[in-house]
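S.K.: As a plain string of letters, each chain reads:
Protein chains: 2
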Amino acid sequence: MTMNPSTLGTDVPQVTARAKVLGRAQYAGDLKVAGMLHAKVLRSPYPHARIVSVDTAAARALPGVLAVLTGADAPRAMWGVHHKERRILAEGVVRFCGEEVAAVAATSEEIARDALDLIAIEYEELPAILTPEEALDEDAPGIHPGRNNISHEIKFQRGDVDAGMAAADLVYEAHYTTHAQYPGYLEPMGSVAAIDPDGRLEVWTSTHSASLARVRLAAALELPISRVRVHQATTGGGFGGKMVEDANNLIAGLLAVKTGRPVRLVNNRLEDFLAAPSSVPEQITLKLGMTRDGLIVAKEVRIIADCGAYSGLAAEVMHVSAMRSDNMHRNANVRSHATLVYTHTPVHGAFRGFGGTQMQFALNSHIHSMAEKLGLDPVDIHKRNAIGAGETSIHGWEIGSTGLKECIDQCTSAIGWEAKRTRAKDTGAKRRGVGMACAMHVSGNRTIGNWDGSTVVVKINEDGRVYIHSGEADVGQGAMTMLSQVVAHELTIPLSHTYVVPPDTDTSPSAIGALASRITIAAGNAAIVAARSARDKLLALAASELKAEVDQLELAEGSVRVKAEPTRQASIAQLARLHIWRHGGEGIQVSGSWDAKTKMHDDQVYGNIAPAYSFAAQAVEVEVDIQTGQVSVLDSFVSDDCGKALNPMAIHGQTNGATVQAIGWTLYEHLQLEGGRITNADFADYTMAMADAVPMLRGGLVESMDPNGPYGAKGASETAILPGAPAIANAVYEAIGVRIRDLPITPEKILAALRQQQEVQHA
Amino acid sequence: MTMNPSTLGTDVPQVTARAKVLGRAQYAGDLKVAGMLHAKVLRSPYPHARIVSVDTAAARALPGVLAVLTGADAPRAMWGVHHKERRILAEGVVRFCGEEVAAVAATSEEIARDALDLIAIEYEELPAILTPEEALDEDAPGIHPGRNNISHEIKFQRGDVDAGMAAADLVYEAHYTTHAQYPGYLEPMGSVAAIDPDGRLEVWTSTHSASLARVRLAAALELPISRVRVHQATTGGGFGGKMVEDANNLIAGLLAVKTGRPVRLVNNRLEDFLAAPSSVPEQITLKLGMTRDGLIVAKEVRIIADCGAYSGLAAEVMHVSAMRSDNMHRNANVRSHATLVYTHTPVHGAFRGFGGTQMQFALNSHIHSMAEKLGLDPVDIHKRNAIGAGETSIHGWEIGSTGLKECIDQCTSAIGWEAKRTRAKDTGAKRRGVGMACAMHVSGNRTIGNWDGSTVVVKINEDGRVYIHSGEADVGQGAMTMLSQVVAHELTIPLSHTYVVPPDTDTSPSAIGALASRITIAAGNAAIVAARSARDKLLALAASELKAEVDQLELAEGSVRVKAEPTRQASIAQLARLHIWRHGGEGIQVSGSWDAKTKMHDDQVYGNIAPAYSFAAQAVEVEVDIQTGQVSVLDSFVSDDCGKALNPMAIHGQTNGATVQAIGWTLYEHLQLEGGRITNADFADYTMAMADAVPMLRGGLVESMDPNGPYGAKGASETAILPGAPAIANAVYEAIGVRIRDLPITPEKILAALRQQQEVQHA
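Going down the list, the sequences are from chains W and V.
Counting with our numbering, you get residues 6 to 768 for the letters of the first sequence.
Counting with our numbering, you get residues 6 to 768 for the letters of the second sequence.
Treat the hints with caution; some may be incorrect.
Since the list gives no way to pick one copy over another, a pair counts as held whenever it fits inside one copy or between any two copies.
What the hints assert, rightly or not - Result set (EDC-like, lysine to aspartate or glutamate): computed pairs, CA atoms no more than 16 Å apart in a straight line:
| no. | residue 1 | residue 2 |
| --- | --- | --- |
| 1 | LYS378 | GLU90 |
| 2 | LYS37 | ASP201 |
| 3 | LYS410 | GLU708 |
| 4 | LYS160 | ASP541 |
| 5 | LYS25 | ASP201 |
| 6 | LYS25 | ASP35 |
| 7 | LYS37 | GLU114 |
| 8 | LYS378 | ASP35 |
| 9 | LYS602 | GLU562 |
| 10 | LYS25 | ASP203 |
| 11 | LYS37 | ASP630 |
For the record, the hints were derived by calculation from the structure and aren't laboratory data.
Please read all numbers here as calculations on a predicted model, not as lab measurements.
Please model the complete structure; the sequences and the hints are all you need to start from.
M.R.: Okay, structure coming up:
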C-alpha cells in the first residue's frame, strides 16, 4: 500500500508547467483559427486633440484589408468600471497619447500594419493637462464633458483625530510621491475573437477573469451576456494589468462582429506599454501622531491620485491606499481625504498590491523617521502597534489570524538586524544600511455585488481520475495547482490524477477571478466542499456495495474501505463507474460553493471585507555608492504570513517575484512621459530589475493558520510586494542619512540629496 | 403581457437549423486546426488474405508524409462491442474487402493519397466465406482463430409453442430474406484528432454518442479514459451507422498519438460505403399458428443473420429481431432460435429500427398471407392481437401506453382502405393495390450496464437566458430542439433564450447517446428535473426578495410573481444575477438526473427494458407495371404513436424520412457484392429513392400520452421505418397476386414471379 499521496504543504511544481515548458500551452497569441484575420490598432499621437476628419478609404482599398473601423463604427455604449466613460474606439476627441482611434483587420499582420499608415486622420491638437495640479486648477477645462477633473473623492474619519494629535508626543507630517509601474508580464495582452456557429461572440483572451471579461464584452458590444463566450487562454502573468481596463479584447470582439471572421489582436511590447494600465501614481501627505513610546494615536492622510484619461479601477485602488493600512494598527483615530484626478495621460489602475504599495511606502517610511526622532527601533514600533488575532480593526476588519510579529522577527533576525543596526557606520564611498517594513493585504474582498464566493465542480471519471471545473483564473500564480492539491488531498488520489479544466464561460461555474488574492481562500474552500460532496457520494455507494454503514467506512489511498477490515474495499474508479452504470445512476459531477462570511464596507468604509488578512514583513540591506548615487540591494528577506503554505515552492515564487518587482519599482522602473507621451515604452529603456540588480532572494513563511482558510491558508500572491520599497528607502536612510520620499530612488536623487545634506551641514 | 411562450406541441424549426443553412455549422470535416495533417486509409482489396509482407519505406520517404502506420504500429488491444476481436489496423490477416490495413498522415490529402499507392503489401489471397451457408458448413475454417463461425446464438421459448400450433386452425410457415442497407447519411463519417496542451487525446467526431466514443477510444488506444476528450462535431445523420462500429475516429486518434499533430480523417463516399456498418441481412423462417378468427396462438421463428467479418452490434440487432415483435401481441407461445454468423464480408450492424425492420417485414407479410387464407381483413387481425395499455407482454414489457389501434384506423382511413380493397381489380398493364403493416419500437432500452438514464444541467445566465448541458447527441433528429423546448417550457421563456451546449466529455454530464429512441424520454425527463430544480432556486430567492411564501408565487412569462398580485414580480434575469451577487451566492447551474424504472432482460430475455413503447402503422397504395415489373408507391400514410408530439414538424420529418428510407430498402437500395467486394459503393450505382420514386408523403400522429414520458412523449425517430417494407410488399400482392418474400422487390423479381404465376395458372 502506498502512503496517502497528499501534497498539501509540500513543494509541488505547477500542474501547468509541463505544457508550458514543452511549448504546448496555448497563449492567446498562439491560437490559430481557420480564416483568422490579424488586427492592428491605430493610436492617438497626441495627449489631447480633436479629431477633425477621418478618411479610411485608402486603407479599406488595400488588398487583404477586411475592415477598417473608427469610433463611428463602434457601439454607442461606453465602458469602464467606476464610470462608463470610454468608447471602444475614440470618436471626436482623444484624451491620451496611445488612445485607440481606429482598428484594422486584414489577412496578415503586415497588411494590417500597412493599412494603419493609410488611415488619414486630421487632428487639431489641444492643450493637454498632464499633471494633477493642472487638472485641479479651477480654470482647467474638464477632460470629460460636463464635469470637473475629479474622477472620484473619498473622505472618511473615525475616532477623534484632532484629539489624538493633541495627545501625541510627536506629530510628524511628510509628503511622499509614488510613480506608475508597468505590469511587465512576459506575455503582452492578446485575444482572438470569433463568431461561433450560432452567431455568438467567442473570445479567447489573456485575463484575470473570464467571467468579468464576458460581462464587459457583452456590455461594451451591446450583446446579451449569454451571447458571449469567453475562454481563458493560457495567461502569462497579469499583475493586475489584464483585469478589465484595457480595450484589447473589446477591439478584437468588435472586429469579429463586424467581419464575421476570427480576429487575432496581440499587442507587441510597445503597444502593450501604451495600452496596459500602469499602477496609480499617488501623492500622499501623511501626518501621524505618536506617543513617546511609539504608539500611534492619530493618523491623517491626504492623497492626490492620477488615473490618467479614464478612471478604470483607479478609484478602487485609491480607496485601498486611503484605508487599508489603518487596519494593521490599533490606532483609533484616522482621517482620510483622497482625490482621484483625470489627466491627459495613459491610464493607471489595478496593479499587484492594489494601492497597498503606495501607502505602505509612505507609512513605513514615516514610522522609520518617527522612530529615529523618538530614539526607538522601528521594529518595536511596528510590533507595539500591530493588531492581534481576534481583534477587530478600526474599520471593522475581523482579524482571524496574524503572523505579523513573527514575520518581523523572522526577517529581521535573518538579515542580522540588531548587529547591523549597531555596527559602526561605513565611511567610504560604499555605505551599507538595513531597513525593514511591514504590510498587510486581504485574502478576498467583498467588493463586487456583495459576493466573494466561488463554485467548484468535481467530476470523477470512470478511471477514478478527477476533472476540476472552476471559473477562477490561473494567471501563472498557481490557482490550478492549488485546486488540484486540494481535490487530490480530499479524495486521497495522486496529483497526477487530477485535471483542471480551463475557464470557459459556457461551462465553468460563476467566478470572480484572480484579484484581491482571493482564489486560494474562496475557490480552495469551494473545492473542499465539492470534493467532500463527491466523497459522500462515493461513501454512500460503497456502503451498499460493501454492505457496511457509511460511518464504518473511510476514503484512503484512492479507495473506500471498511475501517476495521481494510481489505474490504472498492476503488474510486470502480465506484465512479458503478455510480453511472446502475439503477438510478448518474455520473459523479458535483458542485460545491463557498462564500465568505464577510460584510461589505458601508459608505463610511466600515465593514469586514475579507475572510482573512495576510501580513508580511521584509528586511533588506543596501549599499549606496555616494560617488555614483547607485543603490544596490545586498540582501533581502521577506517573511510572508500565508496562513498555511499549501505549496511552499509556489509561495516562494510569489515572494521572490514580488521582491524583484518591488526592487524594480523602487530603484529602476519609471514610465517616462514627455508632453504626455511615454518615451521609454520598451524593455531596453524601461529598465526592469535585471539579474545583477537582484541579491540572492531569501524568504520565509509564517503559518498563522487562519480559521477561515482552507487548511488555514490565506492568499499569498500580493502581500510580499508591499514592504519592498519602504524597506529599501529606510535602508538607504540608514546607509547615508538621506530620506528619499519621491520614488523611484534614482542615483540623481541620491546625489542631489547628498549635496543638499552637505550644504545643510556646511551651513 | 405576452402569452406563455411554450412551444410544446407546436411546429418548431430545429434550433440547429440556422447554423446549418448559413453554412456555419462545424461538421468534423469543416474543422481546420493549425498544423493539421490529413489522413488516408489503405484498405484490403481481398475479402480474405494473409498479409505476407508490408513495406512502407517508399511511402514514408514521400515528402510531406508524417506517419505511415500498419497493424504492427497499432495497440495490441482489440476492440468491438460484443466481442473484442478487431484490431485498429489489420495485422497478419484481412477478413473483408475494405478492412483497414494501413493509415497515412500527411500535410495534404493529396500527398496522403499518393502515399497509399507507395505502400507495398504482399497478400496471399485465401478462400473467402461469403455466405452464412458456407460459414455454417461443418468443414468451414473459422474466420476468427480458435472458434467456429457462429458469432452469437439466441434461443428462448415461452409458453407452449407446440400446444399452440396444435390448437391453431391455420399454421403457416414461410421463409423471408432481408438485405443490407447502407445508412446513406448526407455526411460521411469523419473525425479530427489532436493532442491537447496537457498531452491528452482530443477528438471531434461525427457520432451517436460522444461518451461511448470516448470509452471506445480509451480502450482501443490503451489510454485512461480521462486522458481522452471527445467533442461531438455537428453530425449530419447517423441512422445507427456512427455508433461504435467503424474505425474512423480510432485511426484518427492513433495517428494523432503517433505524430503529436492534429489529424483529419474524413471518409469520401466510397470509403464510407466500405467502412460503415450496413444493416444486418437476415434470413427469417417464420411459422405462425392462428385461430380461424385471426388470433395468433403460437409463433416460431428461426433467424440466420450475417454480421460480416466482425460482430459489432449485430448480436444486439439480431436479439431485437428475435423477440421485439412478440411484444406487440397477446400470443403467449413463442420460440426463437437466432444464429449470427461471420462471413468474409463488410460489417453489418446498427441501423435505424435496430433489427425491427427485418422481423416486421416477415411478420406483417405473414399476417397478410394468413388473413387471405382465413378470409379476414389483416386490419382486423392486427387489431385483434394488439396488446393494450396496462398489459404486460409475453417478455415482461409493461405497456404504459399504446395508440396502435388508432394508428391502424388513422392510416387505413387516410388511404381509403375499405374502398380500395373492395374496388374491382385493375386489368391493364398498371395494377394498383393497397397494403398495410404495423410495428412497435422502444423508447429507451436498459441494455448497457443497467443504466438508461440521463443527466441535464441547466445554467441560467445573468441575462435570464439559459444554457443546457447534456451529453446526448443531436445527430439531426432534433435532440437539442427537444431539450430547448422542455427547458423553455418549464422556465416560461422563449425558445430563443435557450442554448444547448454541444456534447464535450470534459464538461457534459454522463450520457449514453442517440440510440433506442431514448433521448426524448430520458433526457427530456432529466431536463424537466433540472429545470424544475432551477425554478425552485428562483422561487426560493424570489420569496425572500418579494417577501412572500414560495407557495404564493408562480413562474410565468419569464418572471416570478405573486399569484394574487402579479405586478409584484422579479424577472428570471434579475433573480439569476442576484443568485450570484449576494451573500452566500452562487450561479444557478443545476443538475437533474432521471433514470427509467425499468428492468434489464434476464438471460431468458424477460424484463421490462423500456420506460415506454412506441407504435406505428402504415398504409400504402402501389401501382405495379406488369410489363416492366416496376413498382411505384402512389400514396403512403404513416401513423406514429409518439405519446405526445412535442414538435409535430420534427416528427413528421422523422416519419417522412423513415418512409423514404423504407421505400429505398424495399424497392431500390441493395449493396451488391461480387466475390465479397461491394460493387456499387457510390450514390450513382447504389440507388437510394429519388424524388420521383416518392409520393406526396403523408402521416399522422397519435398521442397516447405515455405515463412515463415527458408530458406523455415517447421516442419518435425509429418506429416509422418499420412498417414500410411489408406494407409495400402486401400492396404489391394485392395489386398483382405476387408475394415477394426476398427483399428488395426488384422489377426482375416481379417479372419472374409473374412468369411463375402464369406458368402455374397455365399448368
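S.K.: Give a verdict on every hint.
M.R.: The hints, checked one at a time:
Taking the shortest alpha-carbon separations for LYS378 and GLU90, neither the intra-copy value of 47 Å nor the inter-copy value of 88 Å comes in at or below 16 Å. Both within a single protomer and between protomers do LYS37 and ASP201 lie at most 16 Å apart by alpha-carbon distance, with minima of 15 Å and 14 Å respectively. Within a single copy, LYS410 and GLU708 get their C-alpha atoms as close as 12 Å, which meets the 16 Å cut-off; across copies the closest is 77 Å, which misses it. Neither within a single protomer nor between protomers do LYS160 and ASP541 lie at most 16 Å apart by alpha-carbon distance, with minima of 50 Å and 44 Å respectively.
When the C-alpha separation of LYS25 and ASP201 is checked against a cutoff of 16 Å, the pair qualifies only between copies, where the shortest distance is 12 Å, while the shortest distance within a copy is 27 Å. Taking the shortest alpha-carbon separations for LYS25 and ASP35, only the intra-copy value of 12 Å comes in at or below 16 Å, while the best inter-copy value is 29 Å. Taking identical chains as interchangeable, the C-alpha atoms of LYS37 and GLU114 lie at most 16 Å apart only when both belong to the same chain, with a minimum of 13 Å there against 20 Å between chains. Taking identical chains as interchangeable, the C-alpha atoms of LYS378 and ASP35 are never at most 16 Å apart, the minima being 57 Å within one chain and 76 Å between chains.
Neither within a single protomer nor between protomers do LYS602 and GLU562 lie at most 16 Å apart by alpha-carbon distance, with minima of 33 Å and 35 Å respectively. For the homomeric pair LYS25 and ASP203, the shortest alpha-carbon distance between copies (9 Å) is at most 16 Å, but the shortest distance inside one copy (32 Å) is not. Proximity of LYS37 and ASP630 under a CA criterion of 16 Å is satisfied in neither setting, with 51 Å inside one chain copy and 60 Å between copies.
The structure shown violates the earlier hints numbered 1, 4, 8, 9, 11.
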